[in-house]
Amino acid sequence: GQNIDQPTEMTATEGAIVQINCTYQTSGFNGLFWYQQHAGEAPTFLSYNVLDGLEEKGRFSSFLSRSKGYSYLLLKELQMKDSASYLCAVGSGAGSYQLTFGKGTKLSVIP
Amino acid sequence: SAVISQKPSRDICQRGTSLTIQCQVDSQVTMMFWYRQQPGQSLTLIATANQGSEATYESGFVIDKFPISRPNLTFSTLTVSNMSPEDSSIYLCSSLLGGTEAFFGQGTRLTVV
Chain A
1043 GQNIDQPTEM TATEGAIVQI NCTYQTSGFN GLFWYQQHAG EAPTFLSYNV LDGLEEKGRF
1103 SSFLSRSKGY SYLLLKELQM KDSASYLCAV GSGAGSYQLT FGKGTKLSVI P
Chain B
87 SAVISQKPSR DICQRGTSLT IQCQVDSQVT MMFWYRQQPG QSLTLIATAN QGSEATYESG
147 FVIDKFPISR PNLTFSTLTV SNMSPEDSSI YLCSSLLGGT EAFFGQGTRL TVV
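Protein chains in written order, with our numbering: chain A, 1043 to 1153; chain B, 87 to 199.
It is worth saying that the hints were derived from the structure and are not from the lab.
Please read these numbers as outputs of a predicted model, since none were measured by experiment.
Ideal Cβ placement from N, Cα and C applies to all residues, glycine included.
You may find that some hints are simply not true.
Claimed, not checked - Lysine to aspartate or glutamate pairs mimicking EDC-like chemistry, simulated, CA-CA at most 20 Å apart:
#1 A/Lys-1148 - A/Asp-1094
#2 A/Lys-1145 - A/Glu-1056
#3 B/Lys-93 - B/Asp-173
#4 A/Lys-1148 - A/Glu-1051
#5 B/Lys-93 - A/Glu-1056
#6 A/Lys-1148 - A/Asp-1124
#7 A/Lys-1145 - B/Asp-173
#8 A/Lys-1099 - B/Glu-187
#9 B/Lys-151 - B/Glu-172
#10 A/Lys-1145 - B/Glu-140
#11 A/Lys-1123 - A/Asp-1047
#12 B/Lys-151 - B/Asp-173
Stated by the list, open to error - Here are some, though not all, of the chain B residues that point toward chain A, as calculated from beta-carbon distances under 7 Å:
#13 Val-115
#14 Thr-165
#15 Ser-167
#16 Gly-184
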């Protein structure tokens, strides 16, 4: 089966750093994805990790440890527009990258 | 990047009726995916649609309720049949860019009354 856990909500201050954790137990693994979803909008791709380690992309970084079934998304220099839900998703399936999503972490950035 | 145009963006439907949602991709893609996102919840995969073959449905979803068409490599439809209020949800189509990055249509917000 598939089980993906992430915190339901987080609050952080503008300009600060926040880390959103995700743990997973899945049958099959083709990579770990992070998506951002603003209220009422479709998800947009943030990052993809398939090997262990840290991937940095501007203010956003994502880390993966496959042996621990663990990932985190790190957001630096938070801006008000970063208030959104952040979805952790695991890709599986024979090369088809079917995504199983966690329930999402709603991040609120406050002044 | 690639773009998926999804329509309608929203609809209010009577119970017992059916709604067909369309997705048009601006490039040829092998696989398309249909997701449902119920209020306050994350995305749940309904089915995977390949061109030229029947869609593959996830547990809890059946073809009679959610028939899917995939007539070519740029287009797909999902029909929500014999709707009930429990079908009120956001429906999203998706495909893959470069084989890894999933991109989504704008979503269809369906309300069944």
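*For the pair supplied as a hint, A/Lys-1148 and A/Asp-1124, is the alpha-carbon distance within the 20 Å limit?*
10 Å, holds
*Does B/Glu-187 lie within 20 Å of A/Lys-1099 when you go C-alpha to C-alpha?*
15 Å, holds
_Checking one constraint from the list: CA of A/Lys-1123 to CA of A/Asp-1047, max 20 Å. Satisfied?_
Distance of about 24 Å is beyond 20 Å: violated.
*Should the hint that B/Gly-184 touches chain A count as held when the rule is a Cβ pair under 7 Å?*
Cβ of B/Gly-184 sits 10 Å from chain A, so the hint is violated.
*If you draw a straight line from the CA of A/Lys-1145 to the CA of A/Glu-1056, is it 20 Å or shorter?*
Violated: A/Lys-1145 and A/Glu-1056 sit about 24 Å apart, past 20 Å.
*Straight-line Cα separation of B/Lys-151 and B/Asp-173 no greater than 20 Å?*
This hinted pair holds, its Cα atoms lying about 10 Å apart.
_Restraint status (C-alpha distance of B/Lys-93 to A/Glu-1056 at most 20 Å)_ = The given pair, whose Cα atoms are some 36 Å apart, is violated under the 20 Å limit.
*Within 20 Å, alpha carbon to alpha carbon, are B/Lys-93 and B/Asp-173?*
Holds, at roughly 17 Å.
*Mind checking the alpha carbons of A/Lys-1145 and B/Asp-173 for me, to see if they're no more than 20 Å apart?*
19 Å, holds
_Against the 20 Å threshold, does the CA-CA distance of A/Lys-1148 and A/Glu-1051 hold or violate the hint?_
Holds - the C-alpha atoms of A/Glu-1051 and A/Lys-1148 are around 5 Å apart, at most 20 Å.
_When the least beta-carbon distance from B/Ser-167 to chain A is tested against 7 Å, hint result_ = This interface hint is violated because 23 Å lies over the 7 Å limit.
_Holds or violated: B/Lys-151 to B/Glu-172, with C-alpha atoms at most 20 Å apart_ = 13 Å, holds
Consistency with the previously given hints fails for numbers 1, 2, 5, 10, 11, 13, 14, 15 and 16, ordered from lowest to highest.
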